[in-house]
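**Q** Produce the entire structure from the sequences given, and follow the hints as far as they go.
Residue strings, one per chain:
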Amino acid sequence: MPEEIKAHITGVVFQITAKPGDRVAAGDAVIVLESMKMEIPVEAPRAGIVKEIKVQEGQTVQEGDVVAVLE
Amino acid sequence: MFGTVLVANRGEIARRIIRACRQLGLKTVAVHSEADRGAPHARDADISVEIGGAAARESYLNTDRILQAARQTRADAIHPGYGFLSESWRFAESVRQAGIVFIGPGPDAIRRMGDKIEARRLMTAAGVSVLPGSLDAVGDVARAQAIAADIGYPVILKAAAGGGGIGMARVDKPADLAAAFAAATRRAQAAFGSGDLYVERYVERPRHVEVQVFGDDRGTVVHMHERECSIQRRHQKLVEESPAPRLPPATKEGLTAAAVAGARAIGYTNAGTMEFLVDEGGGFYFLEMNARLQVEHPVTEEVTGLDLVLAQLRVAAGEPLPWGQSEIVQRRAAIECRVYAEDPSKGFLPSPGTIQKLELPSGDGIRIESGVEAGSTVSVHYDPLLLKLVTHGDTRAQALERMIDALDRSVIEGVRTTIPFLRRVVGSAEFREGRVHTQMLEQGAFNA
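Chains as they are written, first to last, in the numbering used here: chain B, 1288 to 1358; chain Y, 1177 to 1624.
Read the hints as simulated data drawn from the structure, not as lab findings.
Hints are all accurate, no fakes.
Derived DSS-like pairs: lysine-lysine, alpha-carbon spacing no greater than 27 angstroms straight-line: (1) Lys1522(Y) x Lys1324(B); (2) Lys1522(Y) x Lys1293(B); (3) Lys1324(B) x Lys1293(B); (4) Lys1341(B) x Lys1522(Y).
Simulated restraints on C-beta separations: (5) Glu1618(Y) x Gly1345(B): 29 to 35 angstroms; (6) Ala1312(B) x Pro1596(Y): 29 to 35 angstroms; (7) Ala1334(B) x Gln1365(Y): 26 to 32 angstroms; (8) Ala1334(B) x Arg1611(Y): 41 to 47 angstroms; (9) Gln1349(B) x Lys1533(Y): 19 to 25 angstroms; (10) Val1353(B) x Gly1201(Y): 51 to 57 angstroms; (11) Arg1362(Y) x Glu1339(B): 23 to 29 angstroms; (12) Asp1581(Y) x Glu1339(B): 48 to 54 angstroms; (13) Gln1302(B) x Gln1501(Y): 47 to 53 angstroms; (14) Arg1333(B) x Gly1551(Y): 38 to 44 angstroms.
For glycine and all other residues, C-beta sits at the position ideal for the given N, C-alpha and C.
**A** This is the structure in structure tokens:
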């Protein structure tokens, strides 16, 4: 079942730490958001393979936006 | 005195500085980003200049644009506030080279205090005690292991170029050192462009106590007593107060003497703060110097009845310090609570948004320094500090009672804030009794 990973806060994409095809464990950071001078990782909710990264570095995302999809 | 002062900052501190300038009859210039068009600080000033995009590096961190705005408005002095460019010696140097007065310490003092290893070395030479640890950057794990074995575990690894807790790692035993060293180097490199680390003894349940100092260009240095700032999250302060409760008199004397000796040793001018860790036995160790005005300066102002920002302007203009050491007395007690747009129930995650409603208390002993108003947008681009609540009283109990009342009467809707958390802190038995240390938050002391 594909699963969407959503941003839990509003911020700017500071770093993308996984790419499509990467195997991630639950709790691994997929992207890092920067918000109010803090770097906040957006983590994979479960183990899986990254199917798609839907954002680019520097892009602003809102809370609830889908940032990546797990296979 | 100057004619026109440009304030290279935003939010509450820009408003605070503009107010002080106005008291001295000076013309004020605000700079603002695109995102801060129409912001309170921009409206407060006589002139406001848009200097660039929302991202701080395009505006509030953009030296060229700030200097351009200064030339355009014929500003003859620049106040950097705190954060942004306030501790950039290159900025201070550029301001000076442009023929404009930098309201703060000289670039040399900023540079030397900004390098944590250099600062430790200078303070050791001045006779100020520092935590046992490496005096130089530790290049490799083997050296770190040797030093850690020498000073004893637990130790803490810190970024030499760092601040705000980034790149810090506690190591409890030799087996954990290598992995922690690699991770801390990586984080320091990413955050500060330098992976240099140093190793220090880790103190259990320390208090963070700092001393406000002030120097002028005649070589006079005074202290303005201490502030207790142990309530922190992510190594950043949330609550500050003065006098520090339960501070042994000998420790207090030692701290203030060390702060003055340290500042004097580097020829420090203008306002600065010497930060110390105080251990459970009352021993104290120099942490770092903040070569600028502090967020929590109003605590000292309320306790002493003296205005630090007015003094900054006068001293930067070449006047002597407006007060001697004997005139600087802790007359009252004061507490500051920092209201951040953060969600304490979610580990202090940022909470950007629009402030829908803002009701703030007023009354005896209450002072508010706010950068926002109803309708303000709290952007992701800047520090989440919204406002500071400061209360004072003849006694600590009175200041505390007023703070509890002030927090209860503060209403902010539209973003999550630290208010509920602050209310739990000031209402707790530990805080009331002054039994605080810097590790309380991570230990869950004030969880709902």
